[in-house]
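Participant: Sequence:
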Amino acid sequence: MAEEVKKEVEAEMPAAPPPAVEAPKAESEEKTIVPPPPEEKPEESKALVAVEKAPEPAPKKISGGSHDRDIALAEVEKEKRLSFVRAWEDSEKTKAENKAQKKFSDIVAWENSKKAALEAKLRKYEEQLEKKKAEYAEKMKNKVALLHKEAEEKRAIVEAKRGEELLNAEEMAAKFRATGQTPKKLLGCF
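For the record, in the sequence shown the residue sitting at position 117 is 118 according to the working numbering, with numbers rising by one throughout.
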């Protein structure tokens with residue numbers, strides 16, 4: 002007799018999955034009790050209802066995990082974007098500093114070469130014309146002063162340009178941070 006009950010349960014099992022498939026389609030039906038088919042026994046229908054409710058919490062956890070994962074991915078993307086902006090800003094500042102340093106060194110080299118040329122000229126005139134030494138020395142010293150003045154003006158121009166470039170880089174970085182965009186011209190080292 003127990004074998005007949007098992008056979009009936011096994012025979013009814015293929016009939017049981019269609020109500021389980023229909024239950025997830027309508028979520029409002031989950032709250033209502035589904036009456037068992039007339040062929041089934043009440044004890045078996047309770048087992049079927051318990052089986053229907055067991056797999057439902059798993060999709061909710063997956064969707065919650067997916068939402069958390071989306072939030073985490075958004076945070077990672079935001080951090081990545083901000084790091085690109087910081088790297089771009091640092092690169093622009095470094096470029097401006099390097100450019101200014103190069104121009105400073107060029108100006109110093111130019112000044113030194115001009116000074117050297119004028120001093121050589123001064124020595125030549127001293128050797129050739131001792132009588133006019135004072136006059137020519139004064140003229141050359143004036144020229145050196147003018148060169149120094151020009152060098153100071155060029156330094157001031159380079160310093161102002163460097164300040165503008167640094168300010169521009171900071172403003173652009175602030176703009177990129179505010180808009181959430183990344184710079185189109187990225188670093189040369191990447």
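Hints were generated in silico from the structure; no laboratory data involved. Some hints could be false.
BS3-like mimics (lysine-lysine), calculated; alpha carbons at most 25 Å apart, straight line [unchecked claim]: (1) LYS125 with LYS144; (2) LYS79 with LYS94; (3) LYS155 with LYS144; (4) LYS162 with LYS176.
Participant: Provide an ascending list of the numbers of those earlier hints which the structure does not satisfy.
Facilitator: Of the numbered hints, all hold.
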